[in-house]
Amino acid sequence: MVRWILAAVAALMMTTGLAAAQQGPLHIEIDEGVIEPLPYALPTFINEGAGGLTSDITRVIAADLSGTGLFREIPESAHIQRFASFETPVSYPDWQAINAQALITGSVGLSGGKVVVKFRLFDIYSGAQLGDGQQLAASPQSWRRLAHKVADVIYARITGESGYFDSRVVFVSESGPKDKRQKRLAVMDYDGANISYLTDSSTIVLAPRFAPQGDRILFTTFETGFPRIKMMNVGNAAGQLLPETPGTMTFSPRFSRDGGSVIYSLEQNGNTDLYRMSVSGGGAERLTNSPAIETAPDFSPDGSRVVFESDRSGTQQIYVMPASGGEPVRISFGEGRYGTPVWSPRGDLIAFTKQAGGRFFIGVMRTDGSEERLLTASFLDEGPTWSPNGRVIMFTRESPGAAGGAKLYTVDISGRNLKAIEGVGGASDPSWGPLLP
Amino acid sequence: MHLVTKAAMGLALIALAACNNPSKNGANGVVDPGGAFGDGAISQGSINDPNSPAYFSATVGDTVHFVVDQSTLTDEARSILSGQAQWLNAHQNYAAIVEGHADEQGTREYNLALGARRASAVQEYLISQGVSGARLRTVSYGKERPLAVCSSEECYSKNRRAVTVISLGAGS
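Note that the protein sequences, when read in sequence, are chains A and B.
According to this note's numbering, the first sequence holds residues 1 to 437 in order.
According to this note's numbering, the second sequence holds residues 1001 to 1172 in order.
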């Protein structure tokens, strides 16, 4: 695993005149729905001995920002001012002339075996720097993380919300024909880079879930011949099966928000209910008791409630109940079937998979079921997972037919900016981990 | 508790070649490593020998089908399962794993639970026909192991199934 060597978010006061960060008009209010992306300029950072990493880091920052759909890069060929050094003063009229609203300057150097990135953000219309200059350092193999960190800072300064670029996603890597699909557990950066595999393809693995702390994952494995829940340390891929009652099937696990317990489905004699157990052992506590299928549970961010799906009404629908069990309240009432609910990290929305009219949709609704909005539609979309800041949803999209396959997609909760994550190959069941420290 | 000898494996290849239907393995030839019932998911023996697993698969019929999102046994399914129960009652040295499957028109977790319902419905029926529950186990593959790979009802109807996979051994 990549280690963040020097988490030096040591804000250097690299500016001379500005004592305090100036809050100019450079701001995107995401809630209002961004139609016109904010134009920004990102001249290739000044190379201070880092070689090709300089442009690599610059391009990843640009990919992060432009990839949100909130920002649009003005190509470097259109830039008027050229920076000879990181300390070259900004000529605001040159950037106003090409309609840049934000300007990001920076340098990349090497010091003591570490890559050092310095950067500044400027508000062109206000003619002032936005926030302090910053310096970050990490080992060379963590250069992509450096770039993501810079982009997260810029995103946060302009939107007022935390970013999501320096984060990882655990998923199931798929290969082989549809009737003999091979599945391996894998983790990647949020943008599909740095894939590493946690299991081989000797057994079916399903639906991994990151711990909220990002240190462990839970998933379902057929390694015993029967579905069982396994917990794995992400750092060393060491895993252990959770205890189980013989003759039962366990699946669909999810960590509690403190990472200390697991909520999951247990099937016995054909009936599936929800249970909870501590990750440190001890008995299982039964949370639902109905002849229907209860599965796909997730906790509210404060840990007090659980959202899950049940077909107790006759078809799959979404319910909310206290985390300790108790009477569930149905919240989905639209046409069709609703499953795989996941609670937004902001607490305000629940994302779900909907099936209606032979198609699948990813959507969001308020936690009381109101204001349902469908964000995607296809032959088969399923299994949403939230970005750490609750602004983006990643999910599985499977194409039909004998040659069909699964890919990972993201969509903004506005429904805009739908795109596939490229370079990952066949992939399903993403679970988005936390913003890394 | 390893149930299939190498000699039997050889026979299995012959039997499979003869009926040219690898799908009879239920899990499509995927063995269950370390499973409680061993890696017995292989049809063995001659299709013409009424005492052979190949006969069970091909002639008695190891698969029953279900309607969309249901686990209720159809009349046709009950008829096949009655034959399975008769065979199992006459061959007490075999145990069985009932595999439940779903088509791809459903979410992953729900389909796992639905496959379990189907496998359980078959298990209950076999028990009602006199097969000891100690010889039976169930597993669900959800939508993970389709037999037919097109994305239309023609294939979905084949994939909504429960397969009784037998192997030598008393079961427990």
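Mixed in with the good hints there might be a few duds.
[As the list claims (entries may be wrong)] A few chain A residues facing chain B, derived, Cβ under 8 Å:
(1) Y197
(2) P227
(3) L241
(4) G270
(5) I293
(6) A296
(7) E309
(8) G383
Hints in this document: simulated from the structure, not taken from any laboratory.
Ideal Cβ positions, reconstructed from N, Cα and C, are used throughout, including at glycine.
Status of the hints after comparison with the structure:
For Y197/A, the interface hint is violated, the least distance from its beta-carbon to any beta-carbon of chain B being 18 Å, above 8 Å. Here the hint on P227/A is kept, as its CB sits about 6 Å from the closest CB of chain B, short of 8 Å. Proximity of L241/A to chain B is violated relative to the hint, the smallest CB-CB distance being about 11 Å (cut-off 8 Å). The restraint placing G270/A at the interface with chain B holds, with a minimum CB-CB distance near 3 Å, inside the 8 Å limit.
Taken as an interface hint, I293/A checks out: its beta carbon lies about 4 Å from the nearest beta carbon of chain B, inside 8 Å. The restraint placing A296/A at the interface with chain B holds, with a minimum CB-CB distance near 5 Å, inside the 8 Å limit. For E309/A, the interface hint holds, the least distance from its beta-carbon to any beta-carbon of chain B being 7 Å, beneath 8 Å. Interface hint status for G383/A: upheld, as the beta-carbon distance to the closest one in chain B is roughly 7 Å, under 8 Å.
Consistency with the previously given hints fails for numbers 1, 3, ordered from lowest to highest.
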